[in-house]
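*Asks:* Line by line, the protein sequences are chains A and B. Residues in the first sequence are numbered consecutively from 46, following our numbering. Residues in the second sequence are numbered consecutively from 117, following our numbering.
Treat the hints with care, as some may be off.
Below, in silico cross-link-like pairs of lysine-lysine (BS3-like), each with a Cα-Cα straight-line distance of 30 Å or less [as the list claims (entries may be wrong)]:
#1 B/K397 with B/K321
#2 A/K47 with B/K321
#3 B/K397 with A/K47
Hints listed in this document are in silico derivations from the structure and should not be mistaken for laboratory results. Source: prediction; values computed, not measured.
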Amino acid sequence: MKYAGLLVMPAGFFLSIAAILLFPASPSRAAFVACGLAVEAMGLVVAIRGHMPGDRRS
Amino acid sequence: MIVTSPSLSESDFNLAFVLLLLAPLAPAGVALLNTGLGRARSAAQALLGSLVVVAAAVLIFALIGATYADSWIGVGHVAQIAGKRWNWAGTGPWFLSGFDTSSARAQLATLFEFLALTLAVLIPWGSGADRWRLSAGAATATVLAALVFPFFAHWAWGGGWLAQLGANFGLGAGFLDPGGAASVHVLGGLSALTIIWILGPRRGKFPKEGLATAMPGHHVVYVLFGCLVAFIGFLAFNAAGAMIWLGAAPSQLPRTAIDTLLSAAAALAATFVMTRIRFGKPDASLCANGWLAGLVTSSACSSLVSPIEAIFTGIVAGIGIPLLVEFLELAVSIDDPSGAISVHAASGLWGIIAAGLFAPQPGQLLAQLIGVATLLGLILPVVYLLFALLNRIVPFRVDSDGERVGMDLHELGGGAYPEFVIHRDDSYR
C-alpha cells in the first residue's frame, strides 16, 4: 500500500507537466494541472494509510 | 511587488549581506523549538544534533551541492523537450572554486542557499526527536544537501525550469519562492514526513487500545523564546530573498517586513482563539506552532501580497495548525513531536498557493501549483526512496534500550540536566 501510493504520486507530477506542454489554452491547462494534483493527493492518502500502524488502521 | 532584477549597487549589496548575517537566527530559533518540544532526557542530543546536521549539510553542499544549485556563473544543464528549454541543474564550479571572482549577486545567492540549507535540514531533525540516531541524522542531512536541495533550489531560484515557467509557458513570472517556503520549508517538512514514516512512532505513543499518549515538550520556554528568535531570522530571510530573487529595491523592504509580522501575528491570534475554544485555555506549544506557521506562510508571499492579504494568509495558517496537528496524531497516527509537517510542509504549501492567488499577473497561480505538484509528486517520493535506502546502510532508529534511557545517556553518555531527576517512563514497563 505505502509503495503504491508513492508510485502514484509521480504520475500526478507528470500529468501536470504534460498539461503545460500539451495545452496552450488556459482552461484545459488548469484543469489538467488540477487533475495532476488530485492524483498526487490520492497517492498521498494511500501512502499515509499504508504507513499507519496495523492495529490502528480501520 | 514583482520587479525585474537589476544589478546590485554597492549599498544594496551591503544591505543584503547584513540581512543575511541575521538569517541564522531562524535555524537557531527552530533548534530551540525542536529541543523544547522533545523530552528532557533527549535535550542535549537534540541541540547537539542541530549543530551536527547543519555542519554535515554545509560541508557537503560546499563540496558538491553548490555546483548544481547555482546557475549564476554558467548557463545550466539544459534539456530540450517539446521545443522548450528545461534548465534542470546548475553548472557552477566544483568546490566553490572561483567564488571570489563571481559577481556580487552570485555571491549573495550562494550565501543565501547555504543559510537556507541549514534551516531545511533542521526541520526533519525535530520530527525524529527521542528516537533518531545522531549519525543517521547527519547522513540524511548530507543526502539532502548533495542530492535534493541543490536541484530544487536551482529550479526555483537559480534560473531553473520552475523559475522559467513564465518565459517558457507564459505562466506569470514563473514559480516564485522569495523567502524559501518551497525550497526550505516544504522540502524540510516533507523530509520530516518520510523520516517519521521510516522511524515509526515513539514507543508507547500509540497504544493498541485507546487514544494516543500525550508526550508534551519538556521546556515550553525554549519553545516560545525560539519563536521570538526565529522571527528575526525570518525577517532577514524574507527581506534578503526579496532583494536577491525578486530584485526588490531597499525602499520596498519595509512592506516585506510588515507583511511578515502581520502574517505571524494573525496566525498566532487565530491559533490562540482556536485552542481557547477547543480546550478551554490557549495551548502554548500549539500557539508557538501557529506563530511559526505564520512566518512560514510569509516566506512564500510576504513580498508579493498586500498587508491585508498577509493577515488573511496568516489567519488561515493559524486556524489550520491545531486542526492538522490533531488530525495527524489522532486520525492517521503520525508521531511528529515538533509539528514540522503541519508547520513547515502544510503552511509552506498554503503560502505558495496564496502567493499565486493574490498575484496580479495571469498564470501565476498555475505556476505556483506546478511548484506544489513538483514538491508532492517528485520530491516527496524521491526523498522517501533515498532515505529508505540510507536506512539500510545507517539504521535510523535507536534500539529500544536507547529509547528507554533517553538519547542523551545512550548517545552522549550524559544528560542535559544532570542535577535533575529524569522520571522513568511507565509506558515501557
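*Asks:* Would you check the hint for B/K397 and B/K321, treating anything up to 30 Å between C-alpha atoms as holding?
*Replies:* holds (24 Å)
*Asks:* Compare the distance between the alpha carbons of B/K397 and A/K47 with 30 Å, and conclude whether the hinted pair is satisfied.
*Replies:* violated (38 Å)
*Asks:* Holds or violated: are the alpha carbons of A/K47 and B/K321 at most 30 Å from each other?
*Replies:* holds (21 Å)
The structure fails to meet hint 3 from the earlier list, while all remaining hints are met.
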